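Chemist: The lines below spell out each chain.
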Amino acid sequence: MHIVICIKQVPDSAQIRVHPVTNTIMRQGVPTIINPYDLFALEEALRLRDAYGGEVTVLTMGPPMAEDALRKALGYGADRAVLLTDRYFAGSDTLATSFALSQAIAKVGETFGTPDIVFTGKQTIDGDTAQVGPGIAKRLDLLQLTYVAKIASVDLDAREIKVERRSEGGTQMLKSRLPCLITMLEGTNEIRRGSLKDALCAARTRVLKWSAADAGIEDLTKCGLRGSPTVVKRVFAPTARAEKAVQIDTAEKILRDIADELIAAIFTRQPALEHELAFNGGA
Amino acid sequence: MSTANRETPRPAAGRAGIKKELPERFKDYRHVWVFIELERGQVHPVSFELLGEGRKLADKLQVQLAGVVLGPPGEAIGSAVAEAFAYGADLVYIVEAPLLADYRNEPFTKAMTDLVDTHKPEILLLGATTLGRDLAGSVATTLQTGLTADCTELDVDTDGSLAATRPTFGGSLLCTIYTLNYRPQMATVRPRVMPMPQRADKPVGRVIRQKLSAAEDEIVTKVLGFLPDNQSAKANLAYADVVVAGGLGLGAAENLQLVKNLARAIGAEHGCSRPLVQKGWMPADRQIGQTGKTIRPKLYIAAGISGAIQHRVGVEGADLIVAINTDPNAPIFDFAHLGIVTDAIRFLPALTEAFTRRLSPHSRDKLAS
Numbered sequence: 000m001h002i003v004i005c006i007k008q009v010p011d012s013a014q015i016r017v018h019p020v021t022n023t024i025m026r027q028g029v030p031t032i033i034n035p036y037d038l039f040a041l042e043e044a045l046r047l048r049d050a051y052g053g054e055v056t057v058l059t060m061g062p063p064m065a066e067d068a069l070r071k072a073l074g075y076g077a078d079r080a081v082l083l084t085d086r087y088f089a090g091s092d093t094l095a096t097s098f099a100l101s102q103a104i105a106k107v108g109e110t111f112g113t114p115d116i117v118f119t120g121k122q123t124i125d126g127d128t129a130q131v132g133p134g135i136a137k138r139l140d141l142l143q144l145t146y147v148a149k150i151a152s153v154d155l156d157a158r159e160i161k162v163e164r165r166s167e168g169g170t171q172m173l174k175s176r177l178p179c180l181i182t183m184l185e186g187t188n189e190i191r192r193g194s195l196k197d198a199l200c201a202a203r204t205r206v207l208k209w210s211a212a213d214a215g216i217e218d219l220t221k222c223g224l225r226g227s228p229t230v231v232k233r234v235f236a237p238t239a240r241a242e243k244a245v246q247i248d249t250a251e252k253i254l255r256d257i258a259d260e261l262i263a264a265i266f267t268r269q270p271a272l273e274h275e276l277a278f279n280g281g282a
Numbered sequence: 536m537s538t539a540n541r542e543t544p545r546p547a548a549g550r551a552g553i554k555k556e557l558p559e560r561f562k563d564y565r566h567v568w569v570f571i572e573l574e575r576g577q578v579h580p581v582s583f584e585l586l587g588e589g590r591k592l593a594d595k596l597q598v599q600l601a602g603v604v605l606g607p608p609g610e611a612i613g614s615a616v617a618e619a620f621a622y623g624a625d626l627v628y629i630v631e632a633p634l635l636a637d638y639r640n641e642p643f644t645k646a647m648t649d650l651v652d653t654h655k656p657e658i659l660l661l662g663a664t665t666l667g668r669d670l671a672g673s674v675a676t677t678l679q680t681g682l683t684a685d686c687t688e689l690d691v692d693t694d695g696s697l698a699a700t701r702p703t704f705g706g707s708l709l710c711t712i713y714t715l716n717y718r719p720q721m722a723t724v725r726p727r728v729m730p731m732p733q734r735a736d737k738p739v740g741r742v743i744r745q746k747l748s749a750a751e752d753e754i755v756t757k758v759l760g761f762l763p764d765n766q767s768a769k770a771n772l773a774y775a776d777v778v779v780a781g782g783l784g785l786g787a788a789e790n791l792q793l794v795k796n797l798a799r800a801i802g803a804e805h806g807c808s809r810p811l812v813q814k815g816w817m818p819a820d821r822q823i824g825q826t827g828k829t830i831r832p833k834l835y836i837a838a839g840i841s842g843a844i845q846h847r848v849g850v851e852g853a854d855l856i857v858a859i860n861t862d863p864n865a866p867i868f869d870f871a872h873l874g875i876v877t878d879a880i881r882f883l884p885a886l887t888e889a890f891t892r893r894l895s896p897h898s899r900d901k902l903a904s
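Chains as they are written, first to last, in our numbering: chain A, 0 to 282; chain B, 536 to 904.
Bound-form chain A, shown alone (with noise of 0.2 Å):
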């Protein structure tokens, strides 16, 4: 089977530069890592070669720097890396994101084989939107199975696949096809130590690097910031509150009695809360 995640190299720190005139994250001088939900995609994607045979293409859009991010995923054991990387798509947004990642996807298909699974993360930890794997599905007319805690299994025979999927208040169970869009939830399992050997593939493996033409991409107002509908305009630090919180005074007094004051604190504060606690509570 083929399998291709796409990962994202994301800001290891909460350290943020934002450019002051067009309100654009700066990512330089910004320690990096792979986005930490994509691993656990990414584990999976090597579990199903490992279980099925076939082989993981590793995709990203990202700066030229962003090949880092794919050398870590060749030494966890991924097959291929492909670095999507050109000027034209500075400033995407996620409709944006998408369109360039499904198109080089679908250009992966052509040149290493359809994607049987296409994998991404639940969301990135930068900008938390979880719209990235939800857009490439559509785009590419995959179906989509969003927040996967399990793969239950697969049968490349018949192209089913059935999934546990987490949604609020439960775990759905969902029979589909191949092939499918899977974003991955966390903790469903451990990302491997790469091993020796795949660590000297690694090395000699070389990173593809796609310009938008090269991954067959023609219609550049689709890109970058041009084919973003969305518009930052504004970054902004939010407001501090005027006044710090009332201390209760700690000096000199027994625990009971400061425990004594700062519920009389709170009641006072709250007075209808008193009978609801004492409801509520197993007192």
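These aren't lab readings, by the way, just hints derived from the structure by calculation. Fair warning: this is a prediction, and the values are worked out from it, not measured in the lab. There's no promise every hint is true.
[Claimed, not checked] As a list, the in silico DSS-like pairs of lysine-lysine whose alpha-carbon atoms are at most 25 Å apart:
| hint | chain 1 | residue 1 | chain 2 | residue 2 |
| --- | --- | --- | --- | --- |
| 1 | B | 737 | B | 595 |
| 2 | A | 232 | B | 555 |
| 3 | B | 757 | B | 795 |
| 4 | B | 814 | B | 795 |
| 5 | B | 757 | A | 161 |
| 6 | B | 757 | A | 232 |
| 7 | A | 221 | B | 737 |
Chain A is fixed; fit chain B onto it per the hints.
Modeler: Here is chain B on its own, set in the frame of chain A:
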């Protein structure tokens, strides 16, 4: 309906070269829609929170607020429609079909995009639940329009555009996002970010039905079963009235028991900040903050939590925030209402004991006599 101020759109400030030039085909897009999330017969409360927010936007724009109900024939649709009116909708669109019984992406996307194409809303809001996010991404891509995830504030600009504000980079910054040249303008909002509006008993108003142009045999994905979460194990943080949470200041995983003990004594839910989930001390569904749950309790007690911006975003809606931390300079004291500079590990047992004493029936009898 006055649209005078929207027929002379002013060019948007900000990013160079980006102006509002709404194409002709979008000019008759009107009204605000809220997706009423119905899954297995239950309306998700986030839908009512969105109706409250949608009402404000519709009033500002002087347009109507509509609810959208997608589901199988049966009583659930009727009560969802009645509730939509009770929480402020002027009209409700319904697509009623057996194949909308359980949530599946394919028929729900089809139903929603058909409704949008036919009735042309200018704003479409959905809850950022697993269902809402799954659906919103597909609908926005199908319609080739903008979608802003997890908004914390929605407003209407002077030219009538939706200004959607959301945290970016873990909540350390906020950004305001516009969808200038495409319609509808779509946004998702997490449960509990917006306050629950007042419910008013109102008769069911205008209802517009649309048929679903899909049949079960065209839908590839089948639901084999559903396993509901164990009610006792399920964290109901988002809708809890009282929440007690622990952070790294508790020092060790076993000290979380102190948080649980206090929570049990006062009938509260317990939770934690992000580092504790990363350490594996508590499951992810107990995490409070930007990447976890947004809470809106009447009382929130944060023990040993420093109050990083990521956490702040998730608890700001609480009526009363009590912070217990050894560090007087911890950022949590900047947004808590009551603070105690002390060691939570020592203080929590005393607080639990004091609450128990104060709330016990015996002491209440004494108070009454």
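Chemist: All hints, please: hold or fail.
Modeler: Taking the hints in turn, this is what the structure says about them:
1. B:737 <-> B:595: 22 Å, holds
2. A:232 <-> B:555: 12 Å, holds
3. B:757 <-> B:795: 40 Å, violated
4. B:814 <-> B:795: 18 Å, holds
5. B:757 <-> A:161: Holds, at about 9 Å.
6. B:757 <-> A:232: Given pair residue 757 (chain B), residue 232 (chain A) is violated - Cα atoms ~42 Å apart, limit 25 Å.
7. A:221 <-> B:737: Given that 25 Å is the threshold and the Cα spacing comes to 46 Å, the pair is violated.
Violated hints, in rising order: 3, 6, 7; the structure is consistent with all others.
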